[in-house]
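Protein chains in written order, with the working numbering: chain A, 1 to 266; chain B, 1001 to 1591.
What the hints contain is simulated information worked out from the structure, not anything from laboratory work. Bear in mind that the values here come from a model prediction, so they are computed numbers and not experimental data. Where a beta carbon is used, it is the ideal one built from N, C-alpha and C, also for glycine. There's no promise every hint is true.
Unchecked claim - The following label-pair restraints were derived from C-beta to C-beta distances:
# : chain 1 : residue 1 : chain 2 : residue 2 : range
1 : B       : Ser1163   : A       : Gly30     : 40 to 50 Å
2 : A       : Gln54     : B       : Lys1230   : 43 to 53 Å
3 : A       : Gly30     : B       : Glu1306   : 22 to 32 Å
4 : B       : Ser1163   : A       : Gly25     : 28 to 38 Å
5 : A       : Gln106    : B       : Glu1306   : 55 to 65 Å
6 : B       : Thr1585   : A       : Lys20     : 16 to 26 Å
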Amino acid sequence: MKILVTVKRVEDPYQAIKVKPDGSGIISDGMNYKPNPFDEIAVEEALRLRDTHQGEVVAVTLGNEKCVAELRQALAMGADRGIHVRHDGPLDSDGVARVLAKIVEQEKPDLILTGKQAIDDDQNQAGQLLAEYLHLGQATFASKKESLESEAEKAKKPGLTLLPGGKAIEVVREVDGGLETLALPLPAVVTCDLRLNLPRYASLPNIMKAKKKEVKELSPAGLGVDMTPKVTTRRFAAPAARKGGVKVPDVATLVEKLRHEAKVIS
Amino acid sequence: MAVNKENAPAADSIPAGGAFLVAPLGATRVHAPESFTDDQRMYYQTAQQFMVREVLPHIDRLEKKDYPLLVSLLRKAGEAGLLSIEIPEAYGGLDLDRTTSMLVAEAMTLYGTWSVSIGAHTGIGTLPIVFFGNEAQKAKYLPKLATGELMACYALTESGSGSDALGAKTKAVLSPDGKSYILDGNKQFITNAGFADVFIVFAKVDGEKFTGFILEKGMPGLVVGKEEHKLGLRGSSTCQLSFEECRVPVENVLGEIGKGHRIAFNILNMGRLKLGVGSAGGAKNAINLAWVYARDRKQFGKAILEFGLIREKLARAVARTYAVESMAYRTCGLIDDRIASLGGESAAAHEQVIRVLEEYSIESSILKVYGSETLGVVIDEALQIHGGYGFIEEYPIERGYRDQRVNRIFEGTNEINRMLITGMLLKKAVKGQLPLMEAVSDLDAPLPEAPAGPLADEWRAAELIKRMALQVIQAAVTTFGMELEHHQEVLAAIADVVMEAYAIESSVARTLAHDAANPVRHAIVRLFTAEARERAFSRARYALACTLKGDDQRQAAAALAKRDEFVITDPVADRETIVTAMEPTAGYPIR
Ligand SMILES: Cc1cc2nc3c(=O)[nH]c(=O)nc-3n(C[C@H](O)[C@H](O)[C@H](O)COP(=O)(O)OP(=O)(O)OC[C@H]3O[C@@H](n4cnc5c(N)ncnc54)[C@H](O)[C@@H]3O)c2cc1C
């Protein structure tokens, strides 16, 4: 089974994000970066499927030269090789999906796994667009039946199930208030949600081995993709600072305030 | 040795050990956490994740000395590669640099018992074989020490000889058939002894020649005593060992007969450096706990984080910790650079590594003392921020407070290390390895120009304090000559001045090299320097008072006072800058 999995470089979510004074972007000076956490879940799922069914995991990233660091992290977790599509300008989901579509045409994977969204711009579109461009089946928000503390999880069993014959995959996905089970013919695109698995940490020997793994550099131009964004970001703004709360003496005052100050009840 | 030869600087551009005292920091680059490679960051992340996922959930059981659990977790650490960082590749190791080893050690400090248990195994337990073992010994033990299949400990201390390690009484006598040594004696306070399989033991052959041996569990006559009940590190194993006609095959002699002190002292150099780094890690953990507590605890209608005295404690703790972190990774970087510049392969390389560790033994002792004392102060204040709750077992700061206390005692007490710092400086000067006397004769030359830009006052402070140290050294050497070694109060006070100079210089150099425009770092370095220079001045004056009488003292004190320049500071503003910067990181503000 050959699996293509995406890894995006994103700002470390545990750091304070500061918006540039002119609102044109965020201040990247002194910022730490890491792989998008949902992509790490996708990588983990890919590795479990590969370890269960043999095959290859190819990690792909799109962005400037620094993204190789996050690609190496996927390789250190255990992905077999990497592809870096070098692009220094702004990205939108459509551009990402078109580049990925070209990679899929070249690599012909059986399964494409992505995070459900990147935690930097929270677009939640690339996986869906990719499936659309390739005319493939898609399952979003892949999750699993067992909890992350389960024995199956400890044994690192995949949450996605390859169906007998190996031509289709079963995906449990999170929907409002429950789970839905889908079957998709392969190849297919699956986007991964938080509760699909607990990604492994890379062992030190694997971090060393990752240095020797192949990383191929490609360019959007070379792939014939025009990266001019269809969607541009006009302005970033920090959320308004939280105002201090007040204590109310009794329920009556609370209701009064909710009605007349907050105007959330009538 | 796996060294990164492409980036290795030329050997002669790397400052020698102790050289910081006699030369202003010029254009030499200093290493710092900001210069870690992507790989080093990944190693650290793995180590940290390992702690959070595999170790911290089990603290309650581990504190009750659940050794099967402790050993199974150590083996899991072996699977993750955490036991093999400094073991050569040929023996199943990773052969990574010292900085990586320190970074991983720093991550381990999230839990004291764990940090000491894994440290005793990978450091003092394993390194003697890495550095001094012969081929057969390395092949036999290292692959299993790397996986954790075998657990190691290191037995130097005896009931009658602690600081005076070479005064050991344990005796080894060759058996009549010449096949083994018969050991008799005891060892005291041996970490990991309760579950260890491999014991690095020092004994005197024929009661004279201090020598290392590798003992194995089950050797007849090797008796592990009962567990000590300790103030802290309660989950770690600490036992006596006794040797009752214990028969050790001659193949298990480690290194050369009579050269055991080389093993003992060189392993300590590495251990001291690591203890310094670990202290920075422990201090950061304590700061994080204290900040969160201060944010959540309300008194007089507001979070105690809003009170000036709480903010002052946090800011000072951050400033001191930053200094230790700066010294620690600067020193590791020097050592790694030096090793990389030598190149060399395998066996020869290990001899080189030992030499390099010896070269920077002054810095290692500084880190041991300054690190452990910083951690002591920081944890004490972090506990104070917790008020009565800090005294209660449920709060992790209570355990942290108990666990850190031993850091000032083991790996050479801080008294012994203080005397070593000054003693080694003087020894290097006498041997012509350090131009100390030349620097002393230049004492009244104008100070070199500070680099233009931020922190010029602090840069100057480091140079002034170095001169204070040199002035006191001159007075002490002139007054006491060869007798100086008996004037411990002077040796220790000199060491204190030297340490403050290294601390200030390392903080300034790190900041200028890696984040020169960051106002938070400026505040940290200013706040630290303002306090450090006062400590240095007071210790220098004390040293003079212990050295000189009457008018000589008056004159020397007047000369010293000239080096204590007045600088306008604003500790409240700096404190506010620092504490405000702690909010986004919920604790130690520098990542
Ligand atoms: C939890 C724990 C774990 C340990 N683990 C190990 C281990 O794994 N292996 C091992 O070999 N050892 C271990 N030790 C022993 C430790 O290294 C010694 O306790 C330490 O070296 C001090 O020796 P001592 O206790 O005999 O104190 P002493 O040497 O008796 O010192 C008592 C006091 O006298 C001072 N002093 C001693 N000599 C001088 C001097 N010349 N000048 C001025 N002051 C002096 C000391 O600084 C100290 O304050 C451990 C100890 C503890 C508590």
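These are the hints, each one checked on the structure:
no.	hint	in the structure
1	B:Ser1163 to A:Gly30: 40 to 50 Å	holds (44 Å)
2	A:Gln54 to B:Lys1230: 43 to 53 Å	holds (51 Å)
3	A:Gly30 to B:Glu1306: 22 to 32 Å	holds (27 Å)
4	B:Ser1163 to A:Gly25: 28 to 38 Å	violated (59 Å)
5	A:Gln106 to B:Glu1306: 55 to 65 Å	holds (59 Å)
6	B:Thr1585 to A:Lys20: 16 to 26 Å	holds (21 Å)
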